[in-house]
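Enquirer: Next come the chains, spelled out residue by residue.
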Amino acid sequence: MNNEHSADDHPHHDISKHVRRYMGVFLALLLGTVVTVAASYIPFKSNEVNIAVALAIATVKATLVAAIFMHLSAERWTIYRFLIITVVFAIGLFSLTALAFSDHIHR
Amino acid sequence: MEIPYTVTARPDTGLWNAKIGIWLFLASEIMLFGGLFSAYVFLRIGADAANPWPHGLLNVPVGTFNTFVLISSSMTMVMAWASLKMRKFAQYRIYMGLTILCALAFLCVKAYEYNDKFHHYGVWLKNGEFITGHLEENTPESLTILPDIHHEGRHFWPETEHGAPREIKKADIRRWSNFTPKFSPFFAIYFTLTGLHGLHVFGGMVVNIYFWLPGSKLYRTNPEHLANRVEVSGLFWHFVDLVWIFLFPVLYLL
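Chains as they are written, first to last, in my numbering: chain L, 1 to 107; chain D, 108 to 361.
No wet-lab data here; the hints were simulated from the structure.
Given the structure is predicted, the values throughout are model-derived calculations rather than measurements.
Cβ coordinates follow ideal geometry from the N, Cα and C atoms, glycine included.
Do not rely on the hints blindly, as some may be mistaken.
Said to hold, decoys possible - Among the chain D residues that face chain L by a calculated CB cut under 7 Å, a handful are:
| hint | residue |
| --- | --- |
| 1 | F140 |
| 2 | L164 |
| 3 | A189 |
As the list claims (entries may be wrong) - Sample of chain D residues with no beta-carbon within 12 Å of chain L, all distances over it, derived:
| hint | residue |
| --- | --- |
| 4 | I110 |
| 5 | D119 |
| 6 | G141 |
| 7 | P254 |
| 8 | Y317 |
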């Protein structure tokens, strides 16, 4: 997290250096998709393992998109602050589904 | 009226205004899709032996192809922005054109998938039997179904084999429906999530068409402002791609 530099600050000649990184991310995303599909056909011990593997790969792919394509790896602190607050609320939202487990009457 | 801080950073935030705006909007989008993903988790937790969570109802090769299309569009989108930053306008027009083509391809494939589902039926009989297949005939007294033949295990390529036409009396039917949201909780959340996502793809495509054609005139007077505008639409576009990265496995594969 850098408060001094953001993607906006890069002079034009620096952008051309980023292009190779974009190509690397693109290839990683394609490969990640192939691995996700292939892994879903592997009969792991339980379906929960398949779910965990697929979501782990999806998280890596999403991180690459956010960090490199969306320039979050070098963004201003203001943006990080927005996202931290959002993630806290999103986790709270997802946690609400856990309340289903406390419904002892219908389970 | 001159809108301030479209190119230069606002001193207190350190960012030009549109970037703040798009990230606040994306934060609200995270909560919107987050709520629907929670609904997916909730419905899946609710599946039991009597109403199991279905597998293999969607076409995996088609979904994989669409994932490649959307990832490619993210690549061309970031290259469109990079081209503007490098002041290569002709290259920008090519990459933005490719991004729009990818969006169009994604929507066409999605329309094909939806159409396929709308022509697929499921029939629950009163004796507990459940049949899926294509509808051959629908009369007031009976349905004629071309039943699907299912093989054991999971398949990459969709099963397209059908048995001999079967006439079912309506008096023997408990419920019947095509593969629409009312069919099952799976299709309800499938159409909600992919429908909302498809609307985002459509919206992003319209904005990109604007920046590709009339909006690109800005390049002559203020190329950096156009680059920033394209960066904003790019941030939205990458978010749409990011959502699909999670949608594809949870709906098609798991």
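Enquirer: Broken hints, numbered, in rising order?
Expert: 1, 2, 5, 6
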